[in-house]
Amino acid sequence: MPCDLYPGFVRVVDRARREVRVEIPPLTDGASIWPKADINYPIGDDSKDTEIRIVEGLPVNISFHNGDPRYPVIMGFRNPHVGNEVGWRRWNHDNIELNADKEAHVDAGETINLDSGKVINITAGESINLVVGGTSIKLTASDIQQAAAAIGIKGPVTQTGGDMTSDGKSAQHHTHPSAPPGPPSEPQ
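All the letters of the sequence shown, read from the start, carry residue numbers 1 to 188 under full-length UniProt numbering.
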């Protein structure tokens with residue numbers, strides 16, 4: 001039995017229920033309500049755990065359950081033939097999560113960019129390895145604690161909003177045993 005595809009348009013989307021109403025000219029001409037269409041998800045995309053963003057107005061290809069035009073099925077998006085992006089694959093969603101049981105690998109021939117309007121978090125259970133050319137750094141929790149404790153500052157320092165201490169001595173409230181113009185002395 002041949003599988004005929006009919007051109008249609010997405011008209012109403014209920015994201016939580018994964019329900020879509022479609023216009024299928026000329027089959028729906030004059031209809032007071034668009035028919036509800038099933039979505040033919042690709043294998044591996046479980047509709048309970050992932051949402052494929054479907055936007056109202058998009059052109060789609062439609063088939064029918066058992067050839068019955070009362071039960072449309074969206075088979076996929078229809079190519080508009082103009083204004084198509086070349087050289088990019090994009091997923092546009094509210095949130096994106098990638099899960100791998102063992103390993104995830106991203107490989108780019110030249111550049112990987114991570115951009116965030118606010119925060120980039122890198123979390124590892126044991127270590128973070130940074131490798132550039134033939135040089136590598138392995139960061140563990142202990143390494144990060146030691147680096148944070150040994151931070152040195154060279155050059156002018158400005159500090160506002162409270163006191164600063166060094167080896168338990170207050171920068172604002174320490175005393176010296178000899179007053180100027182005498183010889184320099186250690187803070188007390």
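Heads up, a few of these hints could be off.
Unchecked claim - Taking lysine to aspartate or glutamate pairs in the EDC-like style, the calculated list, with each CA pair at most 16 Å apart, reads:
#: 1; residue 1: 36; residue 2: 49
#: 2; residue 1: 118; residue 2: 101
#: 3; residue 1: 48; residue 2: 14
#: 4; residue 1: 48; residue 2: 23
#: 5; residue 1: 36; residue 2: 23
#: 6; residue 1: 48; residue 2: 38
#: 7; residue 1: 36; residue 2: 68
#: 8; residue 1: 48; residue 2: 19
#: 9; residue 1: 36; residue 2: 19
#: 10; residue 1: 48; residue 2: 97
#: 11; residue 1: 102; residue 2: 126
It should be emphasised that the hints constitute simulated quantities derived from the structure, not laboratory data. Given the structure is predicted, the values throughout are model-derived calculations rather than measurements.
Against the structure, the hints:
1. 36 x 49: Between residue 36 and residue 49 the Cα gap is close to 21 Å, so the pair fails against 16 Å, i.e. violated.
2. 118 x 101: violated, 28 Å
3. 48 x 14: Judged against 16 Å, a Cα distance of about 14 Å means the pair holds.
4. 48 x 23: violated, 25 Å
5. 36 x 23: Given pair residue 36, residue 23 holds - Cα atoms ~10 Å apart, limit 16 Å.
6. 48 x 38: holds, 14 Å
7. 36 x 68: holds, 13 Å
8. 48 x 19: holds, 12 Å
9. 36 x 19: holds, 7 Å
10. 48 x 97: With Cα atoms ~14 Å apart, residue 48 and residue 97 stay inside 16 Å; holds.
11. 102 x 126: holds, 15 Å
In summary, the structure is inconsistent with hints 1, 2, 4 from the numbered list given earlier, while agreeing with the others.
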